[in-house]
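Here the protein sequences line up with chains A and B, keeping their order.
All residue numbers for the first sequence refer to this note's numbering, where the first residue is 6 and numbers rise by one.
All residue numbers for the second sequence refer to this note's numbering, where the first residue is 4 and numbers rise by one.
It is worth saying that the hints were derived from the structure and are not from the lab.
Backbone N, C-alpha and C fix where the C-beta goes; we use that ideal spot for every residue, glycine too.
Among the clues, some could well be false.
Unchecked claim - Under the rule of at most 20 angstroms between Cα atoms (straight-line distance), these lysine to aspartate or glutamate pairs were calculated in the DMTMM-like manner: (1) B:Lys134 x B:Asp122; (2) B:Lys126 x B:Asp65; (3) B:Lys86 x A:Glu84; (4) B:Lys126 x B:Glu141; (5) B:Lys205 x B:Asp195; (6) B:Lys86 x A:Asp218; (7) B:Lys74 x A:Asp194; (8) B:Lys126 x A:Glu197; (9) B:Lys74 x B:Glu57; (10) B:Lys238 x B:Asp330; (11) B:Lys21 x B:Glu194; (12) B:Lys79 x A:Glu197; (13) A:Lys250 x B:Glu194; (14) B:Lys126 x B:Asp137; (15) B:Lys22 x B:Glu194; (16) B:Lys49 x A:Asp218; (17) B:Lys79 x A:Asp194; (18) A:Lys86 x B:Asp154.
Unchecked claim - Label pairs and their computed distance ranges (CB to CB): (19) B:Phe336 x A:Lys248: 56 to 66 angstroms; (20) A:Lys250 x B:Phe336: 31 to 41 angstroms; (21) B:Ser20 x A:Leu252: 30 to 40 angstroms; (22) A:Leu163 x B:Lys238: 41 to 51 angstroms; (23) B:Lys358 x A:Phe138: 29 to 39 angstroms; (24) B:Ser20 x A:Leu245: 18 to 28 angstroms; (25) B:Ile249 x A:Ile26: 19 to 29 angstroms; (26) B:Lys134 x A:Leu245: 17 to 27 angstroms; (27) A:Ile142 x B:Asp65: 31 to 41 angstroms; (28) B:Asp308 x A:Ser234: 52 to 62 angstroms.
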Amino acid sequence: MTFLKLIIFDFKITFKNKTTIFYTLAYPIILTLIFGYLFSATFEIDKTTSSYDYFAITMLIFFVLGYSITTVYFLDDAEYKASNQRLLFSPTPPLYIVFSRIIARVIVLIIYLTLAVILLKLFLHVNFGTNLFKTLIIFYAEGLFACLLGVLLSLLPLNTESIMTILNILLMIFAILGGGFFPIDSLGDTFEKLSYISPQRWVTLSLFQTIYDGSSSLYVPTIIVLISSSLFILVLIKILFRKEKLLA
Amino acid sequence: MSTILIILQNNFARVFSKKGVYIQIFLIPVLLISLSIYMNSKIEPKLNIGIIEEDQSSTSKDFISLLQSTKNITVKTVNINTKNSDLIINKYDFIITIPNGFEKKVLSLRNGIEKTSIDNLLKFEGIRSKKLLDKGKELSYYYIVYNKPLDISELLRNPDEKLPSVLAISVGFILIFLFANAISYSNLLIEDTENNILLRFKLSPNKLYKYILANTISTFLIIYIQSLFSILVAKYLFNVNIGTNIVNILLYMILVSICCTLFGIAITTLINNENNASIVGSATILISSLLSGTIISLNVPKGIDILSRFFPQRYIINGIRGLEAGDNLWQLFNSQIYILIFICIFFFTSIYSLKKNN
């Protein structure tokens, strides 16, 4: 019961958090609009595909992966410090605090992400495939992975600013190599091979193959990898977590 | 003066006590410049052709091997199951299907093939550039008729397109990094507010402006050290052509570092929350850098071009291009004036936010 109450409490806070709304809803839509417009002449032969179709997918993937940035902070957020202290003195198990926040964040991400997809589909007529739910599932799996990755990084013995800087640069490199801002495959074999290290590439490829070719050859493995990595990270979080972190 | 020096000393101690800061200052610029050099060496006009060979004849094999032996052309066999998505991600600029009966048709027409009949011999599929598809058709026609390789570099070159230099790409990446770091270092202001250090300072006989000035100077100095190190690494370690006298570029980077510093302070004071400042700041930097052509320079639509005038990165990069072309600082007067205007905007935003927060 306490666990559920904690989830509801964190959900209410996160749901109203402006940064979360901007990061999961506003930014993907704004960047899709900007990039879609910038590259509107790209698909000049095939009029059924537009640059908005390409960038809506890549931007959503980029920002869902970037959701890890918001969770890097959430254990030692100053706003939570007082409530953390009270909870730690109560009989609530410390791991409840962490896991309730993770669950709340994932639920909020799912809600805003679904809303972003619906808005993009309604107003920009973005092609998310015939089975919208299938497309959303991969976003959700990526969101879970990103959320847990952020928490794991926050438990590393490094200061938060350094983690943030490194994570920001890594996300940018992953996005570039994953074709987030422009197609990387056109740059040749070397870049194509280099792009294999980017998780964004695999999610992008599996989504495009599902939407445009109806092929699930990458879709299922990508989901399995994302879910199993998330479970592995969850175990690492349980091992590395120290309740002192909540008071740092 | 001693108060400012004490704050400076204290801020430096706080920043440099963190392990990751040395990676940020000394390792990341080297990595970014290496990446820029690598990217620049790889950016050249290329044609990626996907092939579906239905007609397994010697003529079709000759045609494919001619394409393969052509410099700047990459030929890949198309995976039918992922054909559409491969076109979307631009794995191929277009796909050529060699249909059954291709050899027969070529042999019967060899002396009388017209350019317009190429569509009857081969099937071309593309979704992106019509220009590239037409060039592909032209090339295929030539190879079928003359059966010998061709130098296609001129055919692919777009006279309107100017490829970015190593310096422009490096500065583009480093600029994003400097802006992001400025926010990270300016977070000391928020830390002080949260830990009530600012309150203690205000209750002391010291003037608030000294606190703001000292914080601005400390962030500026760290940002300038980073930009200085990056330029020196680019010039002396990687031999990047920086065109102008190095003193000019180092002086110019002072202005750039002030701009980055005040941007960082403006964002942190506006948002007044360490976490949110980093998140909103990094997204703002990303969007503005993309729009102002910091990462990739494009022939952008007019609307975006007008929008990009509202971001300092556009003028900073223009200045760098000028310095690279051999201009001196006087010749970059316009760029510098625009950067100064942005500095003033960031400065007054910071003052306004600080007063409002207090």
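Going through the earlier hints one by one, which of them does the structure break, listed in rising order? Hints 3, 8, 9, 16, 18, 20, 21, 22, 23, 25, 26, 27, 28 not satisfied by this model.
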